[in-house]
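Enquirer: These are the residues of each chain, in order.
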Amino acid sequence: MAGRVSATLASPQDSRVPGIAFIFKKALISALVALVLFSLMIGVRTDAGPDGQLTYWTRFGDLAAMVATVFGGSIVVELLRQWWGPVGTVRVVPASVQSGLSLAGRLVAPVLLVFTFLVPVIFYNERYILDLAILVLTYVMLGWGLNVVVGLAGLLDLGYVAFYAVGAYSYALLATNFGLSFWVCLPLAGILAAFWGVLLGFPVLRLRGDYLAIVTLAFGEIIRLVIINWQSLTGGPNGITGIPRPTLFGIPLSPGEDGLAARLGIEFSPTHRIVFLFYLILALALLTNWVTIRLRRLPIGRAWEALREDEIACRALGINTTTTKLTAFATGAMFGGFAGAFFATRQGFISPESFTFHESALVLAIVVLGGMGSQLGVALAALAMIGGFELFRGLDQYRMLVFGMAMVLLMIWRPRGLIGHRAPTVFLRHNQAISADLVNEGRG
Amino acid sequence: MTAPSNAPLLAIRSLHAAYGKIEALRGVDLDINAGEIVALIGANGAGKSTLMMTIFGRPRARSGRIEFDGQDISAVPTHEIARLRIAQSPEGRRIFPRMSVAENLQMGADATSSSEAERASGLERIFTLFPRLKERMSQRGGTLSGGEQQMLAIGRALMSRPRLLMLDEPSLGLAPLIARQIFDAIRALNRQDGLTVLIVEQNANHALRLAHRGYVMVNGLITLSGTGSELLQRPEIRAAYLEGGRRA
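Chains as they are written, first to last, in the numbering used here: chain A, 1 to 444; chain B, 1001 to 1248.
These are calculated hints, taken from the structure and not from any lab test.
A virtual CB, placed ideally from N, CA and C, is assigned to each residue, including glycine.
Any given hint might turn out to be false.
Said to hold, decoys possible - Distance ranges between label pairs, derived from CB positions:
no.: 1; chain 1: A; residue 1: 109; chain 2: B; residue 2: 1143; range: 22 to 30 Å
no.: 2; chain 1: A; residue 1: 176; chain 2: B; residue 2: 1138; range: 52 to 60 Å
no.: 3; chain 1: A; residue 1: 404; chain 2: B; residue 2: 1143; range: 29 to 37 Å
no.: 4; chain 1: B; residue 1: 1045; chain 2: A; residue 2: 233; range: 54 to 62 Å
Use the sequences and the hints to build the structure in full.
Expert: Below is the structure:
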């Protein structure tokens, strides 16, 4: 089967290999375009002189280098393309490599999980890595939460940060005003965020695609602006300070006599709290993952995915699209609220600046890059986006450039995200036993 | 399986429906008795699909009655109509392309919350009708051929154990051989399981041969009705729907 396909596709390949002349022509045109573009952008540099007048100088060396790079790059790309062959070619991968890859694919998630559990043990003395790991896990959790709305139900939500903010402010206000503990506030923050999710859901029930995106974007901004302007409640732009740290079921992780270290009879270290926060966010993220996986196998989860595929067909099958959409919004928002409460207790200080559109965009990028609907993909994307961004710190001002380029390349090579396939949730117990006559009938 | 013969399973009386200002149904009367196949034929834009959608509550009826088993359903929410066990295979099949065949079928069972045993027996029935679906169970719906997608759409509707099955243009865009397989399956469902079927078709020849009775719709009105063979004999039907269609 595979052999036949590759044979039929391989024949036109030989006829359309472009010659040397074609490659040079293409490279020359690219270089010419680069020369025109870069002559002003790079070739001439202007600046304010010592007396405020405009001074300029030329940088023809840099210009020549850029044009040469484009020329050479164009040739390299064209040669690579020839070596790789046409896009439609079916490449035969040896069976051993294939089985090895599939084994590796199945092992990624468990290995990653075990490694995550061991991070505080391995990096106990490296505060920077622990902080980064907590940040990555926060975004993993946000990604998994948004994945319910965007990945499963297919409702493009650009205002997810609103629920993150609702969760954070719920905890901060309840804890500072009423002295409620983190463990009481955590479910409350989730419930409040879910409530706001339903509130957002109602007006957008009839909207889809771009229109839905615009309204959710506005919703995110409304929440942020309300927080900024409602000074008497939220403290406005000054934010809320002195948010209590989480306790281990009432035992604070502080150096005092009633602290955890003193009770256990070990020496106090501020790292204890970091490790505690790490396992807290890990537990919250895994809860999100577990609930999502369970929901996917229930009728409501299937209805979410069916809604993403075809809303009209859903109605024809008697699915209540209203409750289906609202539960998706509420579930996603609830996890956003949990993450927000965690964020508030970790920081000890929150202000509206932490809940800008940038956060929504970042979380959405994680979901899309990971492959919509894929739990492992979202986790890998969060690791790459947040961890990778830190990795490029040494590149200074080029960091954003490199990062943007990496994203563009990823979307070219894997347009459906890192992990684009979805695992089915319904299996038949007797699907292995296909009788021979049925198979014959199907071939005929 | 047989309802009291004097009361039709579905009775539609002077039904009006509109999309905004455009009147799509202008006083439709139609009866479907339990255990029969009824064909609804007509040209493009006659309102056939609208009638099917209006039975499902989208668009809502402006006036008139839709009675299913004696109960007026013209104001019942769409998702509850499906729970009364009226199923439809919508126009253009509309299977879920990224979900597997098994999941597509399960979606049909979800709405009526069937038991495990009912689900299994429903699957068995679908596999005897459409053996191909059994081989394709773990395949994504979008990778099926057009005919297989139509089989899946009918199978998905059957998973809700319907009392009335409504099919919108099941032969659209299918090779004649595949279309015949689909029609054969519908006949088998009617003869062997006593399923009541409303079939909307442009392929009048096939549909009227299959159906016990037929209705012809023109501009939102029923203009003709009769048994399938009666309608097939009428010269105006032959001229309008058959001579052109027979070549295909």
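Enquirer: It remains to establish, for every hint, whether it holds in the given structure.
Expert: Each hint tested on the structure:
1. A C-beta distance of roughly 26 Å is found between residue 109 of chain A and residue 1143 of chain B, which places it inside the suggested range of 22 to 30 Å.
2. For residue 176 of chain A paired with residue 1138 of chain B, a C-beta distance near 54 Å keeps the hint of 52 to 60 Å intact.
3. Hint check: residue 404 of chain A to residue 1143 of chain B, Cβ distance near 34 Å, so the stated range 29 to 37 Å holds.
4. In this structure the hint that residue 1045 of chain B and residue 233 of chain A lie 54 to 62 Å apart at CB holds, the actual value being about 58 Å.
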